[in-house]
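4 protein chains.
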Amino acid sequence: MIPRYSREQMTSIWSPESKFKIWFDIEAHAASAQVKQGVVPQEAADVIWAKGKDAQFNVERIDEIEREVKHDVIAFLTHLAEIVGPEARFVHQGMTSSDVLDTCFNVQLVKATDLLLEDMDKLLAAIKKRAFEHKTTITIGRSHGIHAEPTTFGIKLAQAYAEFDRCKQRLINAREEIATCAISGAIGTFANIDPSVEEYVAEQMGLASEPVSTQVIPRDRHAMYFATLGVVASSIERLAVEVRHLQRTEVLEAEEFFSKGQKGSSAMPHKRNPILTENLTGLARIVRSAVTPAMENVALWHERDISHSSVERMIGPDATVTLDFALIRLTNVVENLVVYPENMKANMDKLGGLHNSQRVLLALTQAGLSREDSYSAVQRNAMKVWRGEGEFAAFLKADEEVSSALTDAQIDDMFDDAYHLKHVDTIFTRVFGEA
Amino acid sequence: MIPRYSREQMTSIWSPESKFKIWFDIEAHAASAQVKQGVVPQEAADVIWAKGKDAQFNVERIDEIEREVKHDVIAFLTHLAEIVGPEARFVHQGMTSSDVLDTCFNVQLVKATDLLLEDMDKLLAAIKKRAFEHKTTITIGRSHGIHAEPTTFGIKLAQAYAEFDRCKQRLINAREEIATCAISGAIGTFANIDPSVEEYVAEQMGLASEPVSTQVIPRDRHAMYFATLGVVASSIERLAVEVRHLQRTEVLEAEEFFSKGQKGSSAMPHKRNPILTENLTGLARIVRSAVTPAMENVALWHERDISHSSVERMIGPDATVTLDFALIRLTNVVENLVVYPENMKANMDKLGGLHNSQRVLLALTQAGLSREDSYSAVQRNAMKVWRGEGEFAAFLKADEEVSSALTDAQIDDMFDDAYHLKHVDTIFTRVFGEA
Amino acid sequence: MIPRYSREQMTSIWSPESKFKIWFDIEAHAASAQVKQGVVPQEAADVIWAKGKDAQFNVERIDEIEREVKHDVIAFLTHLAEIVGPEARFVHQGMTSSDVLDTCFNVQLVKATDLLLEDMDKLLAAIKKRAFEHKTTITIGRSHGIHAEPTTFGIKLAQAYAEFDRCKQRLINAREEIATCAISGAIGTFANIDPSVEEYVAEQMGLASEPVSTQVIPRDRHAMYFATLGVVASSIERLAVEVRHLQRTEVLEAEEFFSKGQKGSSAMPHKRNPILTENLTGLARIVRSAVTPAMENVALWHERDISHSSVERMIGPDATVTLDFALIRLTNVVENLVVYPENMKANMDKLGGLHNSQRVLLALTQAGLSREDSYSAVQRNAMKVWRGEGEFAAFLKADEEVSSALTDAQIDDMFDDAYHLKHVDTIFTRVFGEA
Amino acid sequence: MIPRYSREQMTSIWSPESKFKIWFDIEAHAASAQVKQGVVPQEAADVIWAKGKDAQFNVERIDEIEREVKHDVIAFLTHLAEIVGPEARFVHQGMTSSDVLDTCFNVQLVKATDLLLEDMDKLLAAIKKRAFEHKTTITIGRSHGIHAEPTTFGIKLAQAYAEFDRCKQRLINAREEIATCAISGAIGTFANIDPSVEEYVAEQMGLASEPVSTQVIPRDRHAMYFATLGVVASSIERLAVEVRHLQRTEVLEAEEFFSKGQKGSSAMPHKRNPILTENLTGLARIVRSAVTPAMENVALWHERDISHSSVERMIGPDATVTLDFALIRLTNVVENLVVYPENMKANMDKLGGLHNSQRVLLALTQAGLSREDSYSAVQRNAMKVWRGEGEFAAFLKADEEVSSALTDAQIDDMFDDAYHLKHVDTIFTRVFGEA
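Protein chains in written order, with full-length UniProt numbering: chain W, 1 to 435; chain C, 1 to 435; chain D, 1 to 435; chain L, 1 to 435.
In short, the hints are calculated from the structure, not lab data.
Incorrect hints may have been included.
It does not matter which identical chain is used: a pair holds within one copy or between any two.
[Said to hold, decoys possible] For lysine-lysine, the following DSBU-like pairs were computed, each having C-alpha atoms within a straight-line distance of at most 35 Å:
| id | residue 1 | residue 2 |
| --- | --- | --- |
| 1 | K168 | K51 |
| 2 | K111 | K70 |
| 3 | K168 | K111 |
| 4 | K51 | K135 |
Keep in mind it's a predicted model, so treat the numbers as computed, not measured.
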């Protein structure tokens, strides 16, 4: 996470100020809940809320205390006592640091995910808009980078939409994975704190109670969470790579918007480069790099060890901030993408109709030739076209085996691109629910 | 995937024979569906089914053909034509290899997942049984590897149960991710095959239709699938590491079953080592190693490239076979685990009651001391115990600040281990729905 | 590792037969060395060698014994005793299984690396040959996939040569990392075996003595080894991706050899796809997937645990077999690559001389314009060319600011492609030591 | 990289100020070198150096320009022109941004590595000191976490020393990998800049010339670099895990220094936790997480794409800063580690002499029993000890088969721990060159 690839909306979730505010909320709600248990006097709870609710926690002061006690939560509690006064001794009753830290981390992840879901909706909207705009913009489909058969630019985008729509659902699942709260005390036995406190705090913080926390919210949840971010990042990479391909000089079917005043190269003033999508390719690698450490975090020793903590202090902000930035950047790329339908058409026509080879193959088998003979007949004529010797239709008509099975008119009929588009509506309806 | 870490139930899903059988089913169902379209004569479909249904596909013959045509599906189709005869020309009408390959891969993954889910149920049953057996077997909870407060061996297992129960749900989600079928033809436009064919084949094979496949089922699905296996593997590692810790010579609270005739070390006949759980630790690393390549597979070029194929030919079998083996091995470890409650008790008592330090701390704050003073008082007495200078309770009673707040009887009261177990039923009910 | 992507030369290194042969050699050499120590009688050593040297170890029999004793080395020793007779009791004196297993694993890795180095020499030779063949074959250099300035196809290959030459040196370093031998007994203290035995066995097996092995050869060595394979794989991917790009329909500057009888697509007979290099892209992902588990293997517990073993049983063969296959496949791709110089020239000329924009920029600054003004002048004329409005040189001549600094003749002079090739010899001399 | 886990010495290498200073040096040296070529007037070079050498580059101003031109190097050059004046037009002659960026990145990595090497020397010194201090401090060696045979705490540390000494050499190799300079212009053809400029700048910056850069220094170098950091991190993890094990309550053979005023747990005042080494375990995961993205960066498109850039802006600082911090933290842990030799002895004696089982086994084989019979005899007596039924030596003496081969005196002789330490000097001499 570096400012260059960050948005304030996401980084603010991870600021020390946000963290200490959440810590206070957790502690204060726990105190409220313990009034009923007789552990905390009502007046103490009132004082805690009254003095702490709008307090500005002094990050430097907390850091200073931590340097002595070498424990961040104790440092915070000590500072809180400076603000709240003697009633502070009722704070953190029966709790352990992990109750605060783990619940806070999950609150931050939930907030981060909510923002990612907002981003995703924007991206989906942008893709949908461009997909309908180019629903019937014909373009050559490519397998292995080689011309195959026609498709439309809208179908390309419909695929992206369907993929990010799955990603959205995955994010929703991932949010549920980590939306839990633990206020279960040392080793998670509730020995010194009633389970009802956890339930109360969970409800107040918009979380579910962790069924069994052993002083730590189990990290399989977070492994699943960061793995999901890694999948989303990989989908971003896919669309980014598509744009990079389309912008290649020889292809130039689409192009990132190039703003006035922008410079493509310090040396070569003629350049317009797909730098945003190249950048997204790199950002995807960064988000994915959180997956393995998150999985290595799962096997904590016994009831808990703290090896996960340093990892999460980094990948928590890094992965969410970078993914947020990437989703917004991709949305901008899609919204502003310059599309060149005429180049798409021109590229498609470069192979002189070879993209209809399958239709000819199928017609030959329907006309009675074996699959193998049909294949050979089509392939030998196609290879002549590859070698630049002439036109595909002409070769087919001149081929004895082909022409004994198909008339010239039948052959001509097969070179109609509209044939390939007849199910665009079907696909759009499947993806968007409308066409 | 090596025989040493494989079970036949899983490897058979990935055998060439199984694969060709699935290929046939897909092709034959597609032929049936195309009768209605008038693309395939009813009699041809009948012949295909009649001759192919129980055919033994000759793997060597197919390999031989592939060496010439360098294309596996074409090799299969050629061999199928040798079996079916002239009607074979109606096979694969309007389809592309990917329709067969991708749908088959997903069928195999679905079968593999069903087996993994069976495994998971066995593991859950084994854990549950041992959890109830040791519901109140008291043992010290450890954070950072250091004695903290008492818990029970049953709670340790309840945690594992809850974690694997989540893993089960994740596997169910992962199964849904990859349970899709694509019969959409070249570039996925349905130009030469009606969408109803896909729907029919999907239904016959127990799959959903892929909303938009561009000659390839999008690999974000598989990335999510293998990421999920990686999370499950990490949870296996966690429980394996727990057992390894418990079996350490100095701890010896539990031990893998050591069979008669088994040898622990070629050099040292006295050894009994936790080799199964060490092995599981390694297997977890292997399953996890599939995650990154699966994510790198997502960003295929344009409508499809084939870079994912070699990866999946390996990680498909490797990750599922290894995970299946690991789940069954872990189940055996849990079922046969030798538990030593008396060692648990003895270990717990080694620190002379220090594990009650929090109770004393809380009592002091309740008695009116500040949190900071209470902490100091408890800590200074605890450190004497660490230094081996005597008993915790005695030091507390002798401490002026403590004894001014708490009576000797109150202090004695705090050294009752049952105190820590009062919410075991709550936790069990949360996890198992019963206690 | 699957047969599809394996060569027998490499898989045979990892066969059970090879392994048991190496185990015997280690044991027998150790016995020989212990004659001097008086631990093993000369006659016993003679019998061990005489009966074991050419013995065919029965893999099934060893497996059968292992199923009982659950220990592979003990199973082997038991079988060896069946072959050698009573003198077998002098085998494995003072040794531990790890002495055999770890030394054997390193012997196998050394053999594997020697084969990889042979492969690398073949690849380097193939690249060098094609590089000289195309030393001055002009082609457009591309940054960001966008035309930049001319280079030669030979320089592209020189880069690949330099990269694989570095990879060769890395493999040599990696070989040294793992070419060590441990015969240090339980916990590695040499308590029951003299250090001279290790030195003798090391020398006989072509290895160095491990300075301090704690019953395990430290796995940082293997982490470095597999990390190195991961880097080599990544370099393979780079060249593979280059070929895939060059073969794209719109680019078609080079093409994988397409053999007679080969079929590119089951549906579309016209297709010729870069399937070998796509395959190499996938294989690179597989080789890389060994890196993280190898690193996770480093932190073994205390003097050793066996969690690394299952990992290495898989990644040892998998990574070396796959990399060997990939290097040979890439060599074939390079040797047989069909190069189209005329397409390279045609592509280069598509942007109407824009690739000389830097020369114009530099000339303007030399003529006294500021860098910023020069840049603007060149960029504004270049953008007209991008928009398809005409020729670059013509626009420059018509531009008032440009023409006030440069004469038409000077401008014309800048559109000479030979200008870009003047240092090809320098680069070739740097890379190949000759030009 | 977060302040919590950073040292100023390393972060300052990555500050914008340091970066711009290096950029200036590269540009200015290149200008100097081009005086000879007649490209830059001597006076211009003089002015550039005079005005730029001690200039404070205004980071905010540069950022402001970049927001417009969307190109960082151009933004810097524009700002430089504001400082240098009209002579600035001679800056960057014939160069491309990558010349500056890639060379700068390598300069930063070299500086970072030099600091890491300093750290490593400190760590090695600390380990060596403690190793000699505890050269003969006897402790039980453990395989699989189970008592095996005695070793010394010094040998444990000697192993760590040997491992980090290898890591030092790897860092030296890694430094060489990335200590290269490219000043080769667009596409790396030297079309507009003489190769001698690169040689001059390389020499001034303490680098080697990159033999063939295609506008980008090839990223296999950086992949190898970050892979090496990953291996070093894994070795840190190994020693950290060792300390964590030794500090476990039941083992307590060594302990991280616990400072006065430190608090182990907010809830349990008695706790002293190995938080530094747990933290190091996590930091190792973070450093390792840079390895895969660095490898994914290798396969850039054609002559270059910029997908590596965002990755390196993050992993460059992150991995080096975190590794630097981890090395220093580990050094502190080693220097201040509290070692408890008496606990080591007490733990070793817990198994009543079982750790001598191999000696008895070997003696029995030497006395004429077969290896298998000897093993059975020792194992059956050892298992009684595990079951807590009595003393190992006594059982052996009472065993008919054993006592028929060995006298009681011979058996007693085998329970001498000094036996295991006889080669400590050998090992120390191998590792440290002295004993």
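One pair to classify: K168 and K111, alpha carbons no more than 35 Å apart. Within, between, both, or neither? For K168 and K111, the Cα distance is within 35 Å both inside one copy (15 Å) and across copies (26 Å).
Can you tell me if K111 and K70 fall within 35 Å by alpha carbon in one copy, between copies, both or neither? both (28 Å within a copy, 31 Å between copies)
Which holds for K51 with K135 at a C-alpha limit of 35 Å: within a copy, between copies, both or neither? neither (59 Å within a copy, 43 Å between copies)
Are the CA atoms of K168 and K51 at most 35 Å apart within a copy, between copies, both, or neither? neither (40 Å within a copy, 46 Å between copies)
Violated hints, in rising order: 1 and 4; the structure is consistent with all others.
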